[in-house]
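Dock the two chains into a complex; use the hints.
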Amino acid sequence: MPTLASLRNLAKLTWLEIKIFAREPMGLIGSVAIPVGIFVVLGRTVGSRLGDMTSGVASQLRVGLPVFAAIFIAINTVLSLIAIIAIYREGGILKRLRATPLSPITILVAHVLVKLVFTAITVTVMVLAGRRYYPAGADVPLVSFTLALLLSTWSILSLGFIIASLVRTARFAPPLGSLILYSMLPFCGLFRPIDDFPAGLQMVSRALPLTPAVSLLSGIWQGNSWSAHLDDVAALVAVFAVCTLIASRVFRWE
Amino acid sequence: MSGPPVIRVSGIRKTYGKTVAVDDVSFEVPGGQIFGLIGPNGAGKTTTMECVEGLRRPDRGQIEVFGLDPIKDAHALQRRLGVQLQEAHLQKRIKVWEAIDLWASLFDASVDTDAMLDQLGLSEKRNAWFMTLSGGQKQRLFIALALINDPELVFLDELTTGLDPQARHTIWDLVRDIPNRGKTVFLTTHLMEEAERLCDHVAIIDHGRIIDHDTPAGLVARHCPERSVIVSTTHPDAAAQFDALSSVDTVTTVQDQLTLRGHGNNLVTETIHCLSEHGMRVTAFRTEEPTLEDVFLTLTGRSVRE
Numbered sequence: 005m006p007t008l009a010s011l012r013n014l015a016k017l018t019w020l021e022i023k024i025f026a027r028e029p030m031g032l033i034g035s036v037a038i039p040v041g042i043f044v045v046l047g048r049t050v051g052s053r054l055g056d057m058t059s060g061v062a063s064q065l066r067v068g069l070p071v072f073a074a075i076f077i078a079i080n081t082v083l084s085l086i087a088i089i090a091i092y093r094e095g096g097i098l099k100r101l102r103a104t105p106l107s108p109i110t111i112l113v114a115h116v117l118v119k120l121v122f123t124a125i126t127v128t129v130m131v132l133a134g135r136r137y138y139p140a141g142a143d144v145p146l147v148s149f150t151l152a153l154l155l156s157t158w159s160i161l162s163l164g165f166i167i168a169s170l171v172r173t174a175r176f177a178p179p180l181g182s183l184i185l186y187s188m189l190p191f192c193g194l195f196r197p198i199d200d201f202p203a204g205l206q207m208v209s210r211a212l213p214l215t216p217a218v219s220l221l222s223g224i225w226q227g228n229s230w231s232a233h234l235d236d237v238a239a240l241v242a243v244f245a246v247c248t249l250i251a252s253r254v255f256r257w258e
Numbered sequence: 006m007s008g009p010p011v012i013r014v015s016g017i018r019k020t021y022g023k024t025v026a027v028d029d030v031s032f033e034v035p036g037g038q039i040f041g042l043i044g045p046n047g048a049g050k051t052t053t054m055e056c057v058e059g060l061r062r063p064d065r066g067q068i069e070v071f072g073l074d075p076i077k078d079a080h081a082l083q084r085r086l087g088v089q090l091q092e093a094h095l096q097k098r099i100k101v102w103e104a105i106d107l108w109a110s111l112f113d114a115s116v117d118t119d120a121m122l123d124q125l126g127l128s129e130k131r132n133a134w135f136m137t138l139s140g141g142q143k144q145r146l147f148i149a150l151a152l153i154n155d156p157e158l159v160f161l162d163e164l165t166t167g168l169d170p171q172a173r174h175t176i177w178d179l180v181r182d183i184p185n186r187g188k189t190v191f192l193t194t195h196l197m198e199e200a201e202r203l204c205d206h207v208a209i210i211d212h213g214r215i216i217d218h219d220t221p222a223g224l225v226a227r228h229c230p231e232r233s234v235i236v237s238t239t240h241p242d243a244a245a246q247f248d249a250l251s252s253v254d255t256v257t258t259v260q261d262q263l264t265l266r267g268h269g270n271n272l273v274t275e276t277i278h279c280l281s282e283h284g285m286r287v288t289a290f291r292t293e294e295p296t297l298e299d300v301f302l303t304l305t306g307r308s309v310r311e
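Residue numbers (the numbering used here), protein chains in the order written: chain A, 5 to 258; chain B, 6 to 311.
Excised from the complex, chain B in its bound form (with noise of 0.2 Å):
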């Protein structure tokens, strides 16, 4: 962990109505990272998120953002943050450099427009109305305007819900590259192969709670130690030669396909000393590894998606 937390969240609860949204909720976030506070929708991301960022009081609690409230001190924190809200548009018929130039102007920032926007792709589009713009194009914009203060501290909320596999991959790239110029990105998603690729920290949040947190590869190590190893061969001995290793658990054969299951990192290395030991003529060979979507399953006993 590099430096104090930039953010500090403890105890937080935040109810609409008779509906806990959030409930005691606590995590820090450190800075010069990609923090992500993952769960399915309705686990309370968004709320937590407009909370820290000062749209929002917590009935109970305490947050810090670089030691400042966010709401007393929402002025001072103005200017060192950058905001992307969830299901947020602009006005319909507004052009992009319209947007890009009243947002400059807000932050009394000054930025080089036309650089800003060939770094995002979005030249071509400098004078199209909002409306017009894709999926992928918005989000780009509102990156942009995220970035447009020079911030410290990024606020990205599912930033690529309902894109196009390869838009989402381009604002991947942006994001990803957030952190190279010395700022923190805090960001929600349900996609789980989003946090993997992207978070270096997240936390996991379900019905309002934060259930466990984590680097996504300890959380992974944690919960789901198990690998498996797909292999497909005709060799009549193969279940009972990967039965004896001693890291393998269990063999189940589906004709010639064999899944061996098993934990600890010798899996694969004993699996393949052990095929070229015996001559086992192989056709197919993975592996699988365990991902955040299993870390949730094995914690909540249902998928994320459901």
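Next comes chain A alone, as it looks inside the complex (with noise of 0.2 Å):
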């Protein structure tokens, strides 16, 4: 029964992680609280003056502020994941973890699931926070708008997984890392339409990972359906699929 031992040490190894994790201060202050306090700030400032402004102004800044957030969560968690992968590796402690009867992807999709969990405790936290400056926003399928981060966060993960390879130390992993995701930010649509970019750049803007990411997280949240963006989600499989398949060849476990 191989395949039933290993769910059960995924499963030991994920609660032990995410206990671990908790253990830290810095930690849960950068991926839960910094993401929270920014969304309830921003929200408070402009929250209040939403209703003196044209509607299309303010729709957008219903939209695009948790959006913006939410994208902030997985940029945030997917940093995190980076630092966690470099600090194991250079401690040798992915080389300790891997000389046990581990699968190796058992180590690694048990830092997925970590992540994926705080992404979940983070934006919930968040929408619930944010709720009373939202009044648009009362109805907000929080549950839809979180299934729509946790697979965005997921696709982006396997990103993290080729950054976390290309670093030798645990110093440079999380600078090239935060280069790297937040570069992309301008040109995924969540300021400006991806349709106003000049033609070759929209062709740019619609590789990015990013992209599916916000357009999703965007249509969920104004309340589409699922089914009006299946071209997302499908465009995030794709991402996850390709960026594993990288990141399986170039990893590093020391």
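It is worth saying that the hints were derived from the structure and are not from the lab.
Where is the CB? At the ideal position from N, CA and C, for every residue including glycine.
Misleading hints may appear alongside valid ones.
Said to hold, decoys possible - Where chain A lies over chain B, by a calculated footprint (3+ residues, C-beta under 8 Å): (1) 85-96; (2) 109-120.
As the list claims (entries may be wrong) - Distance windows between CB atoms, simulated: (3) A:A26 to B:R85: 34 to 44 Å; (4) B:T292 to A:R256: 48 to 58 Å; (5) B:A120 to A:R256: 51 to 61 Å; (6) B:R181 to A:I109: 34 to 44 Å; (7) B:R181 to A:A26: 33 to 43 Å; (8) A:E258 to B:S251: 37 to 47 Å.
Stated by the list, open to error - Result set (BS3-like, lysine-lysine): computed pairs, CA atoms no more than 25 Å apart in a straight line: (9) A:K99 to B:K97; (10) B:K143 to B:K77; (11) A:K16 to B:K143; (12) B:K77 to B:K188; (13) B:K130 to A:K23; (14) A:K99 to B:K77; (15) B:K23 to A:K99; (16) B:K97 to B:K143; (17) A:K23 to B:K77; (18) B:K130 to B:K143; (19) B:K130 to A:K16; (20) A:K16 to B:K97; (21) A:K23 to B:K97; (22) B:K143 to A:K99; (23) B:K77 to B:K130; (24) A:K16 to A:K99; (25) A:K23 to A:K99.
Here it is in structure tokens:
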């Protein structure tokens, strides 16, 4: 029964890693408190003025801000994964775990699950905390939005594994990750619709893994059905497949 | 040698880019003993050991552990091996009991965690985070993890590097006890004293090649047969009398201290006999035995620490 045993090991390791992560104050602050804090502060600043604005701008903010915050959570999650993998590799922890009956996949999947659990917690806290600033968002599809964010994060985490493989030292992994991920932000349709870009840039934009994530998250936040976003879902799955394939070739355990 | 060899390594070679880490290394590890692969840092000890553990694939050569291939038969071997890796760590904030619990569960081992912690002197550290342990405590935990599945063969890579002497002695006592439970230990060390105190059998590796192997006493007898006796006396005839002894090769005198170099098992007896025969008044007397350190120096022309 190797599969049952490996599932049990996965559950055990995931739970252990959740506990270990929760013991690290900086990790919790970075991945939960800061995104929620930024969202609440921004929401407070602009939320109270939403009523005075023209409906176009107001609706853009109502959608744009939560999606921006969600993307911020996703990027934060991926950066946190990159940092952990780099630290675990540098400290020989990955190597130590690998020299046990744990399969390599189990070790990495446990980390993905830990990250997704904290993503779900963060987005839930964020939406609940921000509810009062978004009168229009009172009937936000929280479950669907959370699922959309989990799917987006899961997809981008695979890119994180490639970045974690490219960097040799734990010190440079997070900065390089930030550079790669944040530099995608202006081109993924978060601030300006992609259709407004010049043709060449549009091609680049559509190839970025953040683009379908932004499209899916804004659609779901506005109440669209999942069936209207099958192309985004397919794109995110494709990003995951391609990145995982590359990561499995370049990933380094030590 | 008791029984068939547990590990059989023949002609392995491993390169990293242009660096040849291990070249044409062959040796056998007999069962129920402590076998040491000894040599300076960078000699190829860890690479060799990690090939035997199945963590690295040699470019060339054959390895058998219990007659099985460490890479192909990794799954079958896993439960029979216990591994401690050099410079490996655990998660900073994992608790001691959590690590033992995780390992026990991974190996399907039913271990009395409390008894094990007690035996290794870690009971008080049960709930401590890994990062708060001292170097010696960390290594004791790693020994616990390596022994958790009751393995037949235990790998210990540079177990006491960086530990203070007291912690080192505690670890030595633990390691010495392992073969008593019918297990075989394969260890690496660059500390010749450690090898001498622990190992039944050693292979000396330098620049990726095994330069000799035997029991520590056998290596010393073969490569460094000379012994020294150092005597402090004011007797005027001492140097001349000692020089006449058949097992003494040279006598050097520095003030009242005479150093007699010679070889053979009679050197000390003859010296003592000579002292009493001539009624010499002696204020200090000691013998110097060559060590593995001297063997390494003789074989390579340099100290193991260089």
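Cross-check of the supplied hints:
1. 85-96: With 7 residues closer than 8 Å to chain A, the region 85-96 of chain B meets the three-residue bar; holds.
2. 109-120: With 4 residues close enough to chain A, the hint holds.
3. A:A26 to B:R85: 34 to 44 Å: About 36 Å separates the Cβ atoms of A26 of chain A and R85 of chain B, which means 34 to 44 Å holds.
4. B:T292 to A:R256: 48 to 58 Å: holds (53 Å)
5. B:A120 to A:R256: 51 to 61 Å: Roughly 38 Å apart at Cβ, these two residues miss the hinted range, so it is violated.
6. B:R181 to A:I109: 34 to 44 Å: The hint (34 to 44 Å, Cβ to Cβ) holds, given that R181 of chain B and I109 of chain A are roughly 39 Å apart.
7. B:R181 to A:A26: 33 to 43 Å: Hint holds: Cβ distance 41 Å, inside 33 to 43 Å.
8. A:E258 to B:S251: 37 to 47 Å: violated (58 Å)
9. A:K99 to B:K97: holds (15 Å)
10. B:K143 to B:K77: Roughly 31 Å between the alpha carbons, so the hint for K143 of chain B and K77 of chain B is violated.
11. A:K16 to B:K143: holds (22 Å)
12. B:K77 to B:K188: Roughly 23 Å separates the two Cα atoms, so the pair holds.
13. B:K130 to A:K23: holds (18 Å)
14. A:K99 to B:K77: holds (19 Å)
15. B:K23 to A:K99: holds (24 Å)
16. B:K97 to B:K143: holds (11 Å)
17. A:K23 to B:K77: violated (35 Å)
18. B:K130 to B:K143: holds (10 Å)
19. B:K130 to A:K16: holds (22 Å)
20. A:K16 to B:K97: Holds, because 18 Å separates the two Cα atoms, which is no more than 25 Å.
21. A:K23 to B:K97: holds (12 Å)
22. B:K143 to A:K99: Roughly 16 Å separates the two Cα atoms, so the pair holds.
23. B:K77 to B:K130: Distance ~38 Å between K77 of chain B and K130 of chain B Cα, so the pair is violated.
24. A:K16 to A:K99: Measuring from Cα to Cα gives roughly 18 Å; hence the hint holds.
25. A:K23 to A:K99: holds (21 Å)
Hints 5, 8, 10, 17 and 23 from the list above are not met by this structure, while the remaining hints are.
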